[in-house]
Amino acid sequence: MPKALIDLFYLAAAILFILGLKGLSHPRTAVRGNLLGSLGMLIAIVVTLLDKRIVSFETIVAGLVVGGLVGAVMAYRVSMTGMPQVVAVFNGFGGGASALAVGAALEEALKGGFVEEISTQFTFAAASSALIGGVAFTGSAIAFGKLQRLITERPVLLPGRHVMNLALVMICLGLSVWLIMEPTSSLPFWLLTGVACVLGAMLVLPIGGADMPVVISLLNAYSGLAAAGHGWVLNNSVLIIAGSLVGAAGFILTALMSKAMNRSLSNVMFAGVGAVVATEAESEDIYAGRVKSASPEEVAMLLDGCRRVVIAPGYGMAVAQAQYAVADLTSLLESKGIEVEFAIHPVAGRMPGHMNVLLADANIPYEKLKDMDEINPTFRQTDMVLVIGANDVVNPKARDADPSIPISGMPILNADQARSVVVIKRSLGPGFAGIPNPLFAADNALLLFGDAKKMTMDLMTALKES
Amino acid sequence: MEAFVLVLTIFLLSLFVGFEVITKVPPLLHTPLMSGANAISGITLVGTLVTSGQQLTTFTTILGFIAVAMATANVVGGFLLTHRMLGMFRRKD
Chain A
1 MPKALIDLFY
11 LAAAILFILG
21 LKGLSHPRTA
31 VRGNLLGSLG
41 MLIAIVVTLL
51 DKRIVSFETI
61 VAGLVVGGLV
71 GAVMAYRVSM
81 TGMPQVVAVF
91 NGFGGGASAL
101 AVGAALEEAL
111 KGGFVEEIST
121 QFTFAAASSA
131 LIGGVAFTGS
141 AIAFGKLQRL
151 ITERPVLLPG
161 RHVMNLALVM
171 ICLGLSVWLI
181 MEPTSSLPFW
191 LLTGVACVLG
201 AMLVLPIGGA
211 DMPVVISLLN
221 AYSGLAAAGH
231 GWVLNNSVLI
241 IAGSLVGAAG
251 FILTALMSKA
261 MNRSLSNVMF
271 AGVGAVVATE
281 AESEDIYAGR
291 VKSASPEEVA
301 MLLDGCRRVV
311 IAPGYGMAVA
321 QAQYAVADLT
331 SLLESKGIEV
341 EFAIHPVAGR
351 MPGHMNVLLA
361 DANIPYEKLK
371 DMDEINPTFR
381 QTDMVLVIGA
391 NDVVNPKARD
401 ADPSIPISGM
411 PILNADQARS
421 VVVIKRSLGP
431 GFAGIPNPLF
441 AADNALLLFG
451 DAKKMTMDLM
461 TALKES
Chain B
1001 MEAFVLVLTI
1011 FLLSLFVGFE
1021 VITKVPPLLH
1031 TPLMSGANAI
1041 SGITLVGTLV
1051 TSGQQLTTFT
1061 TILGFIAVAM
1071 ATANVVGGFL
1081 LTHRMLGMFR
1091 RKD
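Going down the list, the protein sequences come from chains A and B. Using my numbering, the letters of the first sequence correspond one by one to residues 1 to 466. Using my numbering, the letters of the second sequence correspond one by one to residues 1001 to 1093.
No lab work stands behind these hints, which were simulated from the structure alone. In this text, all values refer to a predicted model and were calculated from it rather than measured experimentally. Beta carbons are placed, not taken as given, at the ideal position from N, Cα and C, and that holds for glycine. Mixed in with the good hints, there may be bad ones.
Unchecked claim - Over the 12 Å line for every Cβ pair with chain B, so calculated as not near, a few chain A residues:
1) 137
2) 168
3) 279
4) 383
What the hints assert, rightly or not - The calculated lysine-lysine pairs, modelled on DSS-like cross-linking and capped at a C-alpha distance of 25 Å, are:
5) A:464 to A:259
6) A:368 to B:1024
7) B:1024 to A:22
8) B:1024 to A:259
9) A:22 to A:52
10) A:22 to A:292
11) A:454 to A:464
12) A:292 to A:368
13) A:370 to B:1024
Isolated chain A, as found in the complex:
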């Protein structure tokens, strides 16, 4: 196939990617959008396989079969609660594949295969891909470990980590310059990839679990940029276009997530928020004698008199796998003529949109899932807010302009403005930010101590009996 024709097919693939991402802007068109994207990918792959430079297909077929099986099994077997981990793994695969593929391209170019001359664009892009791909690979691996609870979710703060990271970055820059100035050996490339892998792990270890929505978005952007870098190496337009689209998507999500916490990206990346947990005494000051515990029966009685209930879910709901029970409770309340809506904070959970996916999986219609700006003005007309497994995102302390509070200035769900608040929680332990929550001690607040799933079911039983 002539190169011009191949490029035309690549153009078609690129357009399909853009249409596909555009389709994701509405639930009605999203499924078609995703199919368009995958069609674009199929076209790009098939056309590439017709490339006359490919002399042997054994490796390719083996790789396609193994990778296809791994991907399909992971995508189908994962439970909805394991979603953030799997997204992290796929991010890592993309970044790692880019770095390795660029390495292979460089090895071949050094042997005289496939390009006539190793240009500065080639080496510069190769160095960028090695750096970004390596960071995305190990960064995602650490994010996976944290989400899967293989390593602690709390920040791991190594002494002197800023100095070490700076040194690693300097080494990366040095190796990049070496590769660009003297493109006769692949040694600097592989050293660079190795150091980038160490850097990726070092960068994600000090970040706490609650900041994962930012980290996953950023790693997503990196996996895209690594692919774009691969495109620069090969002078391949479809790689550049697709890679930059993904890079843009990742950076937008990163910015949105940081903004939703009122923190700068560098604060999320380097401040180690969540490492300090409030002492008993600090919590005691706020909670002592003011926290009112209730039984499911009492709450059921209150619910009977409600006309509008808002449910504010958090990561605790995901951990307890309470979303199905919550959906049943919603149906029960609606059958009693109570209006129910959900208040979704942008950073509730461990990835952007986490709560939406969980609740959609439990068959809750997406019209009921309201984002923060939409739901906040309605809390004053709400009879009861049910806080299920959320903490920091409803903490009124975020409104204080006190810089010692890690979540100071973070926009929150104004649950405290509702007539009553019921919090389902296992204990009075602090949320991820490590600070006590005055909402739990508010006059209009009741606490239902227990596991989110069990308490939701007890609440249903009590409602049915009343």
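Here the structure of chain A is known, so what remains is to put chain B in place on it, guided by the hints.
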């Protein structure tokens, strides 16, 4: 140099298109967006196919195999997972 400027043009314009298209995605669909975009980043597979089909040395063949497998897992898994997620978003009956 000419080729470089052309590539740079494509790169920057794609970033702009990306920003324009993706800022319109509502928070409701942020997870499928991320997972769908992630599948697209598996496009690196296309570049990987060319390099790993040349089989110049054993080393590049092994590298090629690993890269093809990882990128394929990214593509196949990413699109399937996104499809599965999107199937759950439904309207009020």
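Does the structure keep residue 292 of chain A and residue 368 of chain A at a Cα separation of 25 Å or less?
29 Å, violated
Holds or violated: residue 370 of chain A with residue 1024 of chain B, Cα cutoff 25 Å?
At roughly 16 Å apart (the allowed maximum being 25 Å), residue 1024 of chain B and residue 370 of chain A satisfy the hint.
Within a Cα-Cα threshold of 25 Å, do residue 22 of chain A and residue 52 of chain A meet the stated pairing?
Answer violated: residue 22 of chain A to residue 52 of chain A is near 34 Å, above 25 Å.
Are the Cα positions of residue 464 of chain A and residue 259 of chain A separated by 25 Å at most?
42 Å, violated
Does residue 464 of chain A lie within 25 Å of residue 454 of chain A when you go C-alpha to C-alpha?
This hinted pair holds, its Cα atoms lying about 15 Å apart.
With the threshold set at 25 Å, check whether the alpha-carbon distance from residue 1024 of chain B to residue 259 of chain A stays at or below it.
Within the cut-off at roughly 17 Å; holds.
Taking 12 Å as the cut and beta carbons as the points, is residue 279 of chain A off the interface with chain B?
Holds, because the least Cβ-Cβ distance between residue 279 of chain A and chain B comes to about 35 Å, which exceeds 12 Å.
Claimed clearance of chain B by residue 168 of chain A, with the beta carbon kept past 12 Å:
With a cut-off of 12 Å, residue 168 of chain A remains clear of chain B, as the shortest Cβ separation is near 24 Å.
Does residue 137 of chain A sit more than 12 Å from chain B, CB to CB?
Given that some Cβ of chain B is not farther than 12 Å from that of residue 137 of chain A, nearest at about 9 Å, it is violated.
Do the alpha carbons of residue 368 of chain A and residue 1024 of chain B lie within 25 Å of each other, as the hint requires?
Within the cut-off at roughly 20 Å; holds.
Residue 22 of chain A paired with residue 292 of chain A [C-alpha distance capped at 25 Å]:
Given that 25 Å is the threshold and the Cα spacing comes to 48 Å, the pair is violated.
Classify the label on residue 383 of chain A as holds or violated, using whether its beta-carbon is more than 12 Å from each beta-carbon of chain B.
Given a closest Cβ separation of 22 Å, the condition holds.
In the structure shown, a violation is registered for the earlier hints numbered 1, 5, 9, 10, 12, in ascending order.
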